[in-house]
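Engineer: Listed below are the residues making up each chain.
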Amino acid sequence: MLDELIYALSKDPFNPQLNFEVAVEYEKADQIASAVSFYLRTAEYGKEWGDVYVYTSLLKLAKCFNEQTDRLTTVANCLMQAIGYDPDRPEGFFLLSQFHERQGNWREAWVYARIGQNVSGDDFGYNPLPTDVGYVEYALDFEEAVAGWWLGRRDESIRIFNELLSMEISDEYRQAIEANLAVIL
Amino acid sequence: MNLVQKAVEQGGKLAPIAIPNTFGGMNPSVFIDKDGDILVNVRVVNYILYHSENKQLYPSRWGPLAYLHPEKDQRLVTENYLVRLNSDLVMTDCTKVEMLELHQPIWEFVGLEDARLVYWDDYYLIGVRRDTTTNGVGRMELTKIALDKENWVAKEVDRKRIPAPVPDASYCEKNWMPVLDRPYHFVKWSSPVEVVEFDGTQTKQVSVRQGIQPAKDQRGGSQLIRWGNCYISITHEVDLFKNYLNQKDGIYRHRLCVYDDQLNLVGLSKEFSFLDFRIEFCVGIAEYQNDLLISFAVADNAAFVLVTPRVIIEDLIAEALDA
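The listed protein sequences correspond, in order, to chains Z and Y. When you line the first sequence up against this note's numbering, it's residues 98 to 282, in that order. When you line the second sequence up against this note's numbering, it's residues 988 to 1310, in that order.
What the hints contain is simulated information worked out from the structure, not anything from laboratory work. One or more hints might be untrue.
Straight-line C-alpha distance at most 35 Å; calculated DSBU-like pairs for lysine-lysine [said to hold, decoys possible]:
#	chain 1	residue 1	chain 2	residue 2
1	Y	K1083	Y	K1191
2	Y	K1136	Z	K125
3	Y	K1257	Z	K144
4	Y	K1235	Z	K144
Which residues of chain Y face chain Z? A few of them, derived with a C-beta cut under 10 Å, are [said to hold, decoys possible]:
#	residue
5	N1033
6	E1040
7	P1046
8	W1214
Computed from a prediction, not measured in an experiment: that's the story for all the values here. We put the CB at the ideal spot given by N, CA and C, even for glycine.
Sequences and hints are given; from them, build the entire structure.
Structural biologist: Take a look at the structure:
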């Protein structure tokens, strides 16, 4: 598969979609340094606006650097570049909120969750991303609740968590919410 | 047109080399040993080269070209992996080369870098090491490898640091190209072609000849191998520059070099790229089943072996000799 993609790429080396597909294959094989180069080429040779491959690649770059650990400046830089590329999509705000939540930067996590909710609340809809980046439509609410608890918004957090539990959410989120509620209630 | 496209269109093949349980590999050096095995040494590092191309709209925090090491560990650490490929270029064996612990590294560049694989009475990795002084003085090192093919285990059993010829005062020696059929001989410099021989203790200059004069400095490079009635190697040339923010950047391109029996540089092909990346690097070539295997990496992050049909190499040689 990778051989065929690389050959196709050799005939059309600046094709953003082909570079993206090569990157995805490397990422599947856990060769994330290799994936980085091809995601970055996707971004640099993609359209200057409105291209889901560019946007997704910038998010994926952040993911790859995050997996390498101890590259926080670069992870944040990649997420900021994704948001700068398309500030009307929620996924980048979610990942930036999650990034700050995991650093214990509660104010930043809460603010980016709120901004993400704002852009995800419009009526325009979005083109789906070509691959999963970890975003689900209730993810920003979850981040708001988690960060909010640390900022003194206890009652609001409990309310949001309970609202989420009443929705159809993934087991991963359900278990996380239940664990959080068990601690804070 | 890039070389990969040309090679594959004419019956060649490109094989990615992925080292399991690492984040990638770079600067592979291919070699065919006396058993006919396709061996490749692959450099694995703890950093990711971040290189923005095209309009460079998405640079790193430190600019379009940056070595992104861990933020709490500024070292750029290299390990070497020895792999064996079958005739379809599928990896059948892979092992990390266990290096002797002869000293505590005392500079940020740690390990044997860009090692070329050769066999001169034993297997050797020949690369540059810069971790033995506090200011990063680089010297080529000859690392003898004991390779247990049955269990596929590779261990360094001896190491010699190769001095530059007297007065041995340069700061960094690297990218010397080993001459495969002349043990312990290297092309140290390409313009003029400087051939040196290491006798186990000292390095003496064997010859310095101008030959043809490349427009740009040619740097090693693959091994020099015998090809018909000449020698060939692949060298690189680099444009290093800074953008308007004074941030570093660079473009690497390669050429095929042709040498006569006295190792005079008699031909130089036009520049070419492998996959149209701005940073690519080749440290290995080997003749295999009448074709040429070329090992190279792009952006320091992904390693490949390219089967290049003989006709393409002959065309490159003809182009080089016509230049």
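Engineer: Holds or violated: K1083 of chain Y with K1191 of chain Y, Cα cutoff 35 Å?
Structural biologist: Satisfied, since the Cα-Cα distance of roughly 33 Å is no more than 35 Å.
Engineer: Going straight from one Cα to the other, do K1257 of chain Y and K144 of chain Z come out at no more than 35 Å?
Structural biologist: The hint holds at about 32 Å.
Engineer: Need the status of pair K1136 of chain Y, K125 of chain Z: alpha-carbon distance at most 35 Å?
Structural biologist: Given that 35 Å is the threshold and the Cα spacing comes to 30 Å, the pair holds.
Engineer: Checking hints one by one. Is W1214 of chain Y an interface residue toward chain Z, by the C-beta closer than 10 Å rule?
Structural biologist: violated (24 Å)
Engineer: Does N1033 of chain Y hold up as a contact with chain Z if the rule is Cβ-Cβ below 10 Å?
Structural biologist: Status holds, d = 9 Å.
Engineer: Does P1046 of chain Y meet its interface restraint, that is, does its C-beta lie within less than 10 Å of any C-beta in chain Z?
Structural biologist: holds (9 Å)
Engineer: Per the CB criterion, is E1040 of chain Y less than 10 Å away from chain Z?
Structural biologist: holds (5 Å)
Engineer: Quickly compare the C-alpha distance for K1235 of chain Y and K144 of chain Z to 35 Å and report which way the hint goes.
Structural biologist: holds (25 Å)
In summary, the structure is inconsistent with hint 8 from the numbered list given earlier, while agreeing with all the others.
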